[in-house]
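*Asks:* Chain residues, written in single-letter form:
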Amino acid sequence: DVKVTQSSRYLVKRTGEKVFLECVQDMDHENMFWYRQDPGLGLRLIYFSYDVKMKEKGDIPEGYSVSREKKERFSLILESASTNQTSMYLCASSFGQGASWAKNIQYFGAGTRLSVL
Amino acid sequence: GENVEQHPSTLSVQEGDSAVIKCTYSDSASNYFPWYKQELGKRPQLIIDIRSNVGEKKDQRIAVTLNKTAKHFSLHITETQPEDSAVYFCAPTNAGKSTFGDGTTLTVKP
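Taken in sequence, the protein lines are chains A and B.
Quick note: the first sequence uses the working numbering, first residue 1, plus one each step.
Quick note: the second sequence uses the working numbering, first residue 1001, plus one each step.
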């Protein structure tokens, strides 16, 4: 079974704080993703990574950065948290390699609910 | 970028009825079309997918149909059960990157 683990289920931070959200996968997946989920807005892609030290902006990257120093770990960083970043954050990974269509299946972590006060 | 529209946003059916959710996308390069189910308080999980060279795929009570010319694909659930109640997301995918629809909240009334 694929395991995608997010370090915290709930976080409460103050405006202006630097926030780190960590995600680890144990299936040697190439691709990793960070989404935020807000009611009625689906899952919006913040950043994704196709390989170690590689990152690409998603649809809503403003106010966020990411780090992927090791293949299994993908971190989301809020440099200076703001109240409009209060949300559910979901990490996902996919195999990304090979000919099988299964390489595209995304496996999600349980999510981190972040509140910025 | 990809523009994805999912309809309806909410759907309520009686147990045993069928449910259909439609997803329209804009990127003609999308070549993989999954549906994810998210139960309350849980993570999204893949329930069925289809690739661009196939028109229909069925897995027991669920099926997905794809019309690549019209750029839409649909999720069909037959003989709905209370445990089908969840939020469903379409996620057309190109080169491994998925764009999720806004979700459809399905409620199955016993």
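Because the hints were derived from the structure by calculation, they are not lab data.
Positions of the beta carbon are idealized from the N, C-alpha and C atoms, including for glycine.
Take these hints with a grain of salt, some might be off.
[Unchecked claim] Label pairs and their in silico Cβ distance ranges: (1) L1040/B to T83/A: 19 to 27 Å; (2) S82/A to K1058/B: 19 to 27 Å; (3) A1029/B to T86/A: 41 to 49 Å; (4) K1058/B to G98/A: 22 to 30 Å; (5) G16/A to K1109/B: 29 to 37 Å; (6) N1003/B to Y10/A: 32 to 40 Å; (7) S1018/B to K53/A: 26 to 34 Å; (8) G1016/B to K71/A: 45 to 53 Å; (9) F20/A to G1001/B: 38 to 46 Å; (10) T15/A to T1107/B: 17 to 25 Å.
*Asks:* Hint by hint, note whether the structure agrees.
*Replies:* Going through the hints against the structure:
1. L1040/B to T83/A: 19 to 27 Å: Because 25 Å falls inside the window, the suggested range holds.
2. S82/A to K1058/B: 19 to 27 Å: 46 Å, violated
3. A1029/B to T86/A: 41 to 49 Å: 34 Å, violated
4. K1058/B to G98/A: 22 to 30 Å: For G98/A against K1058/B, whose Cβ atoms are near 25 Å apart, the range 22 to 30 Å holds.
5. G16/A to K1109/B: 29 to 37 Å: 47 Å, violated
6. N1003/B to Y10/A: 32 to 40 Å: With Cβ atoms ~33 Å apart, the hint holds.
7. S1018/B to K53/A: 26 to 34 Å: 48 Å, violated
8. G1016/B to K71/A: 45 to 53 Å: Check passed, 47 Å falls within 45 to 53 Å.
9. F20/A to G1001/B: 38 to 46 Å: 27 Å, violated
10. T15/A to T1107/B: 17 to 25 Å: Violated, since T15/A and T1107/B (Cβ atoms, about 37 Å apart) do not stay within the stated range.
Comparing the model with each earlier hint shows violations of hints 2, 3, 5, 7, 9, 10; every other hint is respected.
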